[in-house]
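Chain by chain, the residues:
There are 2 protein chains.
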Amino acid sequence: MTVSTDEALAKSDAFPLSEKNISAQVRAAQYAVRGEIVIRAGELEEELKKGKKLPYGDSILYCNIGNPQQLGQVPITFFRQVLALCDYPEMMANPHADKIFPKDVLKRAKEYLAAIPGGTGAYTSSQGAPICREHVAAGITHRDHGIKSDPGNIFMSDGASQSVHTILRMLLRGTQDAVLTPIPQYPLYSAALALYNGTLLPYYLDEQNQWALRLDECKSQVDKARSEGQNVRALIVINPGNPTGSVLSEENQKEIVKFCVRESLVLLADEVYQDNIYIAGKTFHSFKRVAVELGKEAEQLVLVSMHSISKGFYGECGRRGGYMEIINLPADVKAQLIKLSSINLCSNVNGQICTAMMMNPPKEGEESYELFAKERQGLLDSLKRRAKLLVTALNKLEGVTCNEAEGALYAMPQLKLPAGAAKAAEESGKPVDFFYCKALLESTGIVTVPGSGFKQAENTYHFRTTILPPEDQIEEVTERLSKFHAEFMKKYSNSS
Amino acid sequence: MTVSTDEALAKSDAFPLSEKNISAQVRAAQYAVRGEIVIRAGELEEELKKGKKLPYGDSILYCNIGNPQQLGQVPITFFRQVLALCDYPEMMANPHADKIFPKDVLKRAKEYLAAIPGGTGAYTSSQGAPICREHVAAGITHRDHGIKSDPGNIFMSDGASQSVHTILRMLLRGTQDAVLTPIPQYPLYSAALALYNGTLLPYYLDEQNQWALRLDECKSQVDKARSEGQNVRALIVINPGNPTGSVLSEENQKEIVKFCVRESLVLLADEVYQDNIYIAGKTFHSFKRVAVELGKEAEQLVLVSMHSISKGFYGECGRRGGYMEIINLPADVKAQLIKLSSINLCSNVNGQICTAMMMNPPKEGEESYELFAKERQGLLDSLKRRAKLLVTALNKLEGVTCNEAEGALYAMPQLKLPAGAAKAAEESGKPVDFFYCKALLESTGIVTVPGSGFKQAENTYHFRTTILPPEDQIEEVTERLSKFHAEFMKKYSNSS
Numbered sequence: 001m002t003v004s005t006d007e008a009l010a011k012s013d014a015f016p017l018s019e020k021n022i023s024a025q026v027r028a029a030q031y032a033v034r035g036e037i038v039i040r041a042g043e044l045e046e047e048l049k050k051g052k053k054l055p056y057g058d059s060i061l062y063c064n065i066g067n068p069q070q071l072g073q074v075p076i077t078f079f080r081q082v083l084a085l086c087d088y089p090e091m092m093a094n095p096h097a098d099k100i101f102p103k104d105v106l107k108r109a110k111e112y113l114a115a116i117p118g119g120t121g122a123y124t125s126s127q128g129a130p131i132c133r134e135h136v137a138a139g140i141t142h143r144d145h146g147i148k149s150d151p152g153n154i155f156m157s158d159g160a161s162q163s164v165h166t167i168l169r170m171l172l173r174g175t176q177d178a179v180l181t182p183i184p185q186y187p188l189y190s191a192a193l194a195l196y197n198g199t200l201l202p203y204y205l206d207e208q209n210q211w212a213l214r215l216d217e218c219k220s221q222v223d224k225a226r227s228e229g230q231n232v233r234a235l236i237v238i239n240p241g242n243p244t245g246s247v248l249s250e251e252n253q254k255e256i257v258k259f260c261v262r263e264s265l266v267l268l269a270d271e272v273y274q275d276n277i278y279i280a281g282k283t284f285h286s287f288k289r290v291a292v293e294l295g296k297e298a299e300q301l302v303l304v305s306m307h308s309i310s311k312g313f314y315g316e317c318g319r320r321g322g323y324m325e326i327i328n329l330p331a332d333v334k335a336q337l338i339k340l341s342s343i344n345l346c347s348n349v350n351g352q353i354c355t356a357m358m359m360n361p362p363k364e365g366e367e368s369y370e371l372f373a374k375e376r377q378g379l380l381d382s383l384k385r386r387a388k389l390l391v392t393a394l395n396k397l398e399g400v401t402c403n404e405a406e407g408a409l410y411a412m413p414q415l416k417l418p419a420g421a422a423k424a425a426e427e428s429g430k431p432v433d434f435f436y437c438k439a440l441l442e443s444t445g446i447v448t449v450p451g452s453g454f455k456q457a458e459n460t461y462h463f464r465t466t467i468l469p470p471e472d473q474i475e476e477v478t479e480r481l482s483k484f485h486a487e488f489m490k491k492y493s494n495s496s
Numbered sequence: 001m002t003v004s005t006d007e008a009l010a011k012s013d014a015f016p017l018s019e020k021n022i023s024a025q026v027r028a029a030q031y032a033v034r035g036e037i038v039i040r041a042g043e044l045e046e047e048l049k050k051g052k053k054l055p056y057g058d059s060i061l062y063c064n065i066g067n068p069q070q071l072g073q074v075p076i077t078f079f080r081q082v083l084a085l086c087d088y089p090e091m092m093a094n095p096h097a098d099k100i101f102p103k104d105v106l107k108r109a110k111e112y113l114a115a116i117p118g119g120t121g122a123y124t125s126s127q128g129a130p131i132c133r134e135h136v137a138a139g140i141t142h143r144d145h146g147i148k149s150d151p152g153n154i155f156m157s158d159g160a161s162q163s164v165h166t167i168l169r170m171l172l173r174g175t176q177d178a179v180l181t182p183i184p185q186y187p188l189y190s191a192a193l194a195l196y197n198g199t200l201l202p203y204y205l206d207e208q209n210q211w212a213l214r215l216d217e218c219k220s221q222v223d224k225a226r227s228e229g230q231n232v233r234a235l236i237v238i239n240p241g242n243p244t245g246s247v248l249s250e251e252n253q254k255e256i257v258k259f260c261v262r263e264s265l266v267l268l269a270d271e272v273y274q275d276n277i278y279i280a281g282k283t284f285h286s287f288k289r290v291a292v293e294l295g296k297e298a299e300q301l302v303l304v305s306m307h308s309i310s311k312g313f314y315g316e317c318g319r320r321g322g323y324m325e326i327i328n329l330p331a332d333v334k335a336q337l338i339k340l341s342s343i344n345l346c347s348n349v350n351g352q353i354c355t356a357m358m359m360n361p362p363k364e365g366e367e368s369y370e371l372f373a374k375e376r377q378g379l380l381d382s383l384k385r386r387a388k389l390l391v392t393a394l395n396k397l398e399g400v401t402c403n404e405a406e407g408a409l410y411a412m413p414q415l416k417l418p419a420g421a422a423k424a425a426e427e428s429g430k431p432v433d434f435f436y437c438k439a440l441l442e443s444t445g446i447v448t449v450p451g452s453g454f455k456q457a458e459n460t461y462h463f464r465t466t467i468l469p470p471e472d473q474i475e476e477v478t479e480r481l482s483k484f485h486a487e488f489m490k491k492y493s494n495s496s
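So the protein lines, in turn, are chains A and B. If you read the first sequence in full-length UniProt numbering, its first letter stands for residue 1, the second for the next number, and so on. If you read the second sequence in full-length UniProt numbering, its first letter stands for residue 1, the second for the next number, and so on.
For reference, chain A alone in the conformation it holds in the complex:
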């Protein structure tokens, strides 16, 4: 038997597995955040490791994905101390333990271990360990100024991506089921809609007005789709916005809630960036609180609010943890949802515990609070500075306009590129924004995602970059980028 050589396989017509005989939905799904440009970046990184000299020195800078700790962001000490103790409880018995761990860390780890039979090594209930759901609910109640959250409405997950898969998997019955999706969108949504055979019903965010969400646009899309026989089932809102970085106003959110009730849509609220807001005067309003405060008008709203430990100031992407809170979930559907979750047994317990701590961090007066607050503030201040610096630099570039990054971890500049670039892109068989991002990677080592990966208004071109390069590098990044951009514009203006 030859192992993984295509030659051997080519021989056989009856070969049991080929791209032609796999699921059409899988073939159709696209996920640009980890697409062709990222794969090319991986190749370049390999070449660098092998000692090859490249124009931009010795490192690839991954701005394609919000993966802060990969770029050197330091984890929250309290979280990691508790997780370490939960994975190796014997340390608590060690005479040196109290020299390594603050009292509240030891207390917290004991609390989780006492409440989770078998600790981090045992399956929990499929919905999640009760204590983790209780800590999450308590955190939501605190966040929402005392509006009660019920642990029975919390579903722990291996990250918000898994929550999205679970909900769409359950909701969608086929291509006649459509889901209102913002454009530009986070590609998880288009990919999941393709996998579960639903239809992406686009609503275009208003780039001229800081990517505003316009309900007249949503309404006309719903009416059009319904007139064509589609069942519009849900509205996806990402707030703060990915990839746009915009933050919704409470007024706008009230209108969105009323719209969902009126049109009988499930509201899928992607709120994973709720801790990432950088603009004075803007704050995060949870759809949960907005809906509850609307009272009777929102009585019928079915709301799925998703959160994750991957973003915020904690950035625990690799841990894969998160939750969704579902309001007004009928009991029979809840039973189906728990059954569906049970087929994957449960989400990883280390991640469940970290999610519980995200929503129930050290409190004032506790031994770890001071360090926790310092770590949080330091990181959020730094992200704020980087967002400002990056967007300012982008807006200085010829043919580039970029809305303010009010929140989240991204900037989404629009590119007006010379006809020569469009021509060259066409010849290469790629959209011009892909062509631009590819050229950017090859000459600077900076990895970004073309706007086409997020979908965008016709005849507009963008790219998305994270604001995550470390503060001591970001100036150099903007310089590299500006230098590349100037050369690119020069080259293709002449060639047009």
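Simulated from the structure, these hints should not be mistaken for lab results. Watch out, some of these pointers could steer you wrong.
The list treats identical chains as interchangeable, and a pair is accepted whether it falls inside one copy or across any two copies.
[Unchecked claim] Derived EDC-like pairs (lysine to aspartate or glutamate); straight-line CA-CA distance at most 20 Å:
(1) K107 / E43
(2) K107 / E364
(3) K374 / E90
(4) K103 / E90
(5) K334 / E19
Based on the hints, put chain B in the right spot on chain A.
Chain B in isolation, oriented as in the chain A frame:
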């Protein structure tokens, strides 16, 4: 807005979410291992917590699922020490670190942290961190007597369940695609086939002959299905068997490989119990080695071998880690598989590291080896004793016959129950094995899974129990069970 009350919802006809308007595949999927009886057990546990007196004292004994650490199994020290250091590397700088951690533990943790940019808090590549795939491949090579495993063929996962979902999700195009599945089977397979809209093509294991896998049976099922226009795509083999506990002979495995090549079927080998064999003279033969040693005859075999950290002697269920090794995966399909994985970003890094250690444990001469070997041997010896004790006790029961538990973590006794029980079950609208397991739970607190949850030959009835109750309890468990069984048989013999 009222939170999660069905009354409010009932009001609205246009309610956006009800059991009637969700995915039919989700409604169809069943997963008995966490089904109705387990839910009832949870209710009883709540009542016990509230101080209610129940006939069997104060505890529910979960024998429905292989969740060893929940039942008190102690984790492997080396694994937990390394994981704790990877989650909180600052400990390594602490002057007391070397008083807590052996040198090879510190060395191993440093090795993983140096190779994984961002450590356990950062996304890895979607296929898995290279160092984890390398350690897994090295472990496979060692297991298979030097037959090389390529890290490029390894796909890290959040447990074997996720691997099964990924492969079936990719493979299946619709109900015309059928997958040969052993009966009895592990319900993950029937559930995933329902979710991905494939057809379960049963092949019946020969209970009279220690649940033997008969290729004449497989062949006739394939011919029948193909004559009816089905595309038979793959053969699922679980070895050691779940729920049967039987272990395949190498001869039988060779025939299975040749059959898959002849019939152009992907071989899906569920090998998560490869470390769990309790019978003198029986050993685990990986399908990888069997196929490679067949040489030319197996040149065309597409093999997916799945493994997990949840079982074996480590039992790290809650960590959610595992891998699949895929042999002869065409490059274009591999690209599709990586894209599909990338939509979930990556599997949790803590679990990836634990999986790497499972396949690359401490070696002789290393400081941790002695303790590791002692922990492993102690656990496997204990499981062997428990398997023997449980099966012996089951075979003493009136109307009960149970094949030897040669491997895995389960016994699957057949029940011949009185007509009175069949009648009572029918009146309750449930299969008689469900009726039996429910009665067992109510009067003993022992949670098992009815054979109907795994599917079984017509007019046969079984239940599955794990062999995992702690050694100091297992005698009492068998006594409780025997007492219940005698009363059950007496009651329904009279009433018939």
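Checked hints:
Neither within a single protomer nor between protomers do K107 and E43 lie at most 20 Å apart by alpha-carbon distance, with minima of 46 Å and 29 Å respectively. In this assembly of identical chains, K107 and E364 lie within 20 Å of each other by CA distance solely inside one copy; the values are 16 Å within and 37 Å between copies. Proximity of K374 and E90 under a CA criterion of 20 Å is satisfied inter-copy only: 18 Å between copies versus 29 Å inside one chain copy. Proximity of K103 to E90 under the C-alpha cut-off of 20 Å is found in both arrangements, the shortest distances being 16 Å within a copy and 17 Å between copies.
For the homomeric pair K334 and E19, the shortest alpha-carbon distance between copies (9 Å) is at most 20 Å, but the shortest distance inside one copy (37 Å) is not.
In the structure shown, a violation is registered for the earlier hint numbered 1 alone.
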